[in-house]
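Taking this note's numbering, I'd label the letters of the sequence shown as residues 1 to 105.
Simulated from the structure, these hints should not be mistaken for lab results. Beta carbons are placed, not taken as given, at the ideal position from N, Cα and C, and that holds for glycine. Hints may be right or wrong, so weigh each one.
What the hints assert, rightly or not - The list that follows gives simulated cross-link-like pairs (lysine-lysine, DSS-like), each with its CA atoms no further than 25 Å apart:
hint : residue 1 : residue 2
1    : K39       : K22
2    : K79       : K30
3    : K22       : K89
4    : K38       : K22
5    : K89       : K38
6    : K89       : K39
7    : K89       : K79
What the hints assert, rightly or not - Quick list of the computed label-pair ranges, beta carbon to beta carbon:
hint : residue 1 : residue 2 : range
8    : F103      : A7        : 33 to 41 Å
9    : N81       : L18       : 34 to 42 Å
10   : E31       : Q86       : 19 to 27 Å
11   : R102      : A7        : 36 to 44 Å
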Amino acid sequence: MKISDTALNQIIQTGYQLLGLKTFFTSGEKETRAWSAKKEFNAGQCSGIIHTDIERGFIRAETVSYNDYISHNGEQGSKDNGVWRQEGKDYIVNEGDVIYFRFNV
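Construct the entire structure; sequences and hints are all you get.
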């Protein structure tokens with residue numbers, strides 16, 4: 001039995017809702033990756049999901065919504081159009097945020 005893509009998406013979305021999860025993205029020259037985090041996690045906590053050193057040396061999160069990132073053709077377009085933001089570690093990450101974590105260890 002084959003599950004349609006739409007049904008699979010609904011199962012995943014329902015699972016995320018039941019578990020209280022959200023998705024945020026990191027993107028670089030070589031890789032774009034989706035990460036799962038609890039809905040209440042802030043930028044500092046989300047950085048720790050990637051690596052504890054990033055959380056320990058957290059400086060700031062540079063972020064943009066997924067929709068703005070796509071509509072402005074990525075990081076540079078988002079910066080040029082003024083939708084790229086700098087946030088502190090207490091910023092509550094939104095569903096679909098694209099984040100570049102600045103840190104120093």
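Comparing the hints with the structure gives:
1. K39 with K22: This hinted pair holds, its Cα atoms lying about 5 Å apart.
2. K79 with K30: Since the Cα atoms of K79 and K30 sit roughly 20 Å apart, the hinted pair holds (cutoff 25 Å).
3. K22 with K89: Roughly 17 Å separates the two Cα atoms, so the pair holds.
4. K38 with K22: holds, 6 Å
5. K89 with K38: Distance of about 15 Å is within 25 Å: holds.
6. K89 with K39: holds, 15 Å
7. K89 with K79: holds, 20 Å
8. F103 with A7: 33 to 41 Å: For F103 and A7 the Cβ distance comes to about 40 Å; the hint holds.
9. N81 with L18: 34 to 42 Å: At roughly 36 Å between Cβ atoms, L18 and N81 fall inside 34 to 42 Å, so the hint holds.
10. E31 with Q86: 19 to 27 Å: Because 23 Å falls inside the window, the suggested range holds.
11. R102 with A7: 36 to 44 Å: Distance hint for R102, A7 holds at roughly 40 Å.
In this structure, every one of the numbered hints holds.
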